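Q: Sequence:
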Amino acid sequence: MTLAEIVAAIGLPKQTVHRILKQLEAAWLVSREAGSRHYEPSSRVRAMAVNALMHVGPAAARHAILQQLVDKLGETCNLSMLSGDDLVYLDRVETDWSRQLKLAPGSRVPLHCTASGKLLLAFLPRARREKLIAHLPLRPRAENTITDLEDLREELTETRKRRVGTNNEEHVPGMIAMAVPVMLDRNRACAAIAVQASAQRRTLDALMAFLPELQTAAEAMAGTFNE
1 MTLAEIVAAI GLPKQTVHRI LKQLEAAWLV SREAGSRHYE PSSRVRAMAV NALMHVGPAA
61 ARHAILQQLV DKLGETCNLS MLSGDDLVYL DRVETDWSRQ LKLAPGSRVP LHCTASGKLL
121 LAFLPRARRE KLIAHLPLRP RAENTITDLE DLREELTETR KRRVGTNNEE HVPGMIAMAV
181 PVMLDRNRAC AAIAVQASAQ RRTLDALMAF LPELQTAAEA MAGTFNE
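Number 205 in UniProt numbering belongs to position 205 of the sequence shown; there are no gaps in the numbering.
Calculated from the structure, these hints are not laboratory results. It is possible that some hints are incorrect.
Said to hold, decoys possible - Below 30 Å or equal to it, Euclidean Cα-Cα: the simulated DSS-like pairs (lysine-lysine) are:
#, residue 1, residue 2
1, 102, 14
2, 102, 72
3, 22, 161
4, 72, 161
5, 131, 161
To be verified - Label pairs and their calculated CB-CB ranges:
#, residue 1, residue 2, range
6, 184, 205, 49 to 57 Å
7, 187, 40, 13 to 21 Å
8, 68, 14, 48 to 56 Å
9, 173, 59, 27 to 35 Å
10, 22, 206, 52 to 60 Å
11, 206, 20, 22 to 30 Å
12, 14, 209, 27 to 35 Å
13, 205, 173, 13 to 21 Å
14, 16, 201, 54 to 62 Å
Quick caveat: nothing in here was measured; it's all calculated off a predicted structure. Think of the CB as a built atom: it goes at the ideal place given N, C-alpha and C, for glycine as much as any other residue.
With the hints as extra help, turn the sequences into a complete structure.
A: And the structure:
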């Protein structure tokens, strides 16, 4: 947000808001890009917010929703959200299958090659999305990783239309995933729920058959973010 937008939002005098922002910058609680008028929470604040979501409040309720989903689907499921330039796992429930990708809560993964990462990028306001993807390192992680910016834009457009994110062996060879948004309202996604499976045992079409169960879980999960 710009200084003018913050002043309009909280109703304090401009000089007062500017002084407070300077104090918050000095305390590493807000940050501003050089030459930019936009303020945003610092990486320190984002880390504290993620930690709070993982350990405070309805964390047990969120875990129970994921556990019920895993019990139904028989595949690993996770809850994640954007954190800076990464996707961070808030919770994850694994199956007993031996070839698991071990990612504990708090783990960070790239946005451009994960089902949830692409989904949450797709739901960002256009200006914020463009600013973010313009600086993402589109490094190849697997054979199908999207490494071209224009290809990523096209993928995000289709993802927004479908309201479903997919990962077709783009992050880890042999692993596929499908994700749905946890919505605060019609246009704002606060998190994503994903199901992950081995490409040897499932296809993306098979994962898409789980869409109703994931959407039901996402609706229940949304209630935990409004508490």
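Q: Honestly, which of those hints from before does the structure not fit?
A: 1, 3, 6, 11, 12
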